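Kindly generate the complete structure, drawing on both the sequences and the hints.
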Amino acid sequence: MPELPEVHGYKTYIDSTSLHQRIVELDCRDTRLFKQPKTEFEKHLLNYEFKSTHRIGKYLFVETTGEKVLVIHFGMTGRPNYYKSEDDRPKFGHIQLSFDNGYHFAFENKRKFGWWDLTDSIANFKEKHKLSDDARDLSLGDFKSSLSARKTDIKKIIMDQSVAAGVGNWMADEILYQSKIHPTRRVDNMTPEEIESVFDAMKKVIEVAIANDAHYRDFPKDFLMHFRKEGETCYYTGAEIEKIKVGGRTTYFSPEWQKK
DNA sequence: AAGGATGTTCAGCG
DNA sequence: ACGCTGAACATCCT
Numbered sequence: 013m014p015e016l017p018e019v020h021g022y023k024t025y026i027d028s029t030s031l032h033q034r035i036v037e038l039d040c041r042d043t044r045l046f047k048q049p050k051t052e053f054e055k056h057l058l059n060y061e062f063k064s065t066h067r068i069g070k071y072l073f074v075e076t077t078g079e080k081v082l083v084i085h086f087g088m089t090g091r092p093n094y095y096k097s098e099d100d101r102p103k104f105g106h107i108q109l110s111f112d113n114g115y116h117f118a119f120e121n122k123r124k125f126g127w128w129d130l131t132d133s134i135a136n137f138k139e140k141h142k143l144s145d146d147a148r149d150l151s152l153g154d155f156k157s158s159l160s161a162r163k164t165d166i167k168k169i170i171m172d173q174s175v176a177a178g179v180g181n182w183m184a185d186e187i188l189y190q191s192k193i194h195p196t197r198r199v200d201n202m203t204p205e206e207i208e209s210v211f212d213a214m215k216k217v218i219e220v221a222i223a224n225d226a227h228y229r230d231f232p233k234d235f236l237m238h239f240r241k242e243g244e245t246c247y248y249t250g251a252e253i254e255k256i257k258v259g260g261r262t263t264y265f266s267p268e269w270q271k272k
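The numbering used here puts the first residue of the first sequence at 13, with every later residue one more than the last.
Since the hints were derived computationally from the structure, they do not count as laboratory data.
Hints are supplied without guarantee of correctness; some may be wrong.
Pair ranges (Cβ atoms, derived) [to be verified]:
| no. | residue 1 | residue 2 | range |
| --- | --- | --- | --- |
| 1 | TYR248 | ALA223 | 21 to 31 Å |
| 2 | LYS50 | LYS103 | 48 to 58 Å |
| 3 | GLN48 | GLY259 | 28 to 38 Å |
| 4 | GLY250 | ASN136 | 45 to 55 Å |
Taking lysine-lysine pairs in the DSSO-like style, the calculated list, with each CA pair at most 27 Å apart, reads [claimed, not checked]:
| no. | residue 1 | residue 2 |
| --- | --- | --- |
| 5 | LYS55 | LYS138 |
| 6 | LYS233 | LYS271 |
| 7 | LYS50 | LYS122 |
| 8 | LYS241 | LYS168 |
| 9 | LYS124 | LYS55 |
| 10 | LYS103 | LYS140 |
None of the values given here were measured: they were computed from a predicted structure.
Backbone N, C-alpha and C fix where the C-beta goes; we use that ideal spot for every residue, glycine too.
As structure tokens, this is what we get:
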């Protein structure tokens, strides 16, 4: 489920469970999840501790007592899991760390699109991967300037991690629903007011999602997430929700509410 | 039982 | 050089 709000929750979870304990073992069932040789992870993790975490968009950075920073991306189906007994290792816990207090930390990744990497510095990594500031902290000025030269659909733009790090497919649909903007509206045809309304909706969706621990059922009743399905009923217009493809991703919107 | 899935990356093209 | 598109990636779920 991991878009910005989910990864935010994972960060909180890791902070409250897994910091300041010496790592004594590393097990990986599928090394394709490693962006570097397993020996590198052993070298930079074993006998060190997780010290602190930082999140930019959907990327989580774990600073350790060693030299390198662990970079975690959860992909489409990842999540962390901390548990006492080895017997509780989750089915899809492909990577597992063991701490010297006897507990374990699993990186669950059902569909294996997630990965671990190591980096020297968060700033370098952010630069290299062209990540914008985290969407939660992004300024309107920076948002507007990264949109200025673009000429494609607004949905594709807000899902671009170099524009607003952390916005994924469901958030993009929600943001555009909240701002009454059609997903294939071209950015170069949008007024400054419309762009600002998208920006405001982005901030709102992020804060609402975080406040509700990314638990969709607790979102306000006018949130698309409750009826984000073909043929469902739009809260505002009563019209049917439509399903289209935008930038290769399935997109739900309300044609009456989000006019083009 | 085939198609879809909350993500990123990269080749190819204009 | 840059923006854009579509496919590829791996695997599970509906």
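Consistency of the hints with the structure:
| no. | hint | result |
| --- | --- | --- |
| 1 | TYR248 - ALA223: 21 to 31 Å | holds, 22 Å |
| 2 | LYS50 - LYS103: 48 to 58 Å | violated, 21 Å |
| 3 | GLN48 - GLY259: 28 to 38 Å | holds, 30 Å |
| 4 | GLY250 - ASN136: 45 to 55 Å | holds, 51 Å |
| 5 | LYS55 - LYS138 | holds, 23 Å |
| 6 | LYS233 - LYS271 | holds, 21 Å |
| 7 | LYS50 - LYS122 | holds, 20 Å |
| 8 | LYS241 - LYS168 | holds, 20 Å |
| 9 | LYS124 - LYS55 | holds, 23 Å |
| 10 | LYS103 - LYS140 | violated, 33 Å |
When the structure is compared with the earlier hints, violations turn up for hints 2, 10 and for no others.
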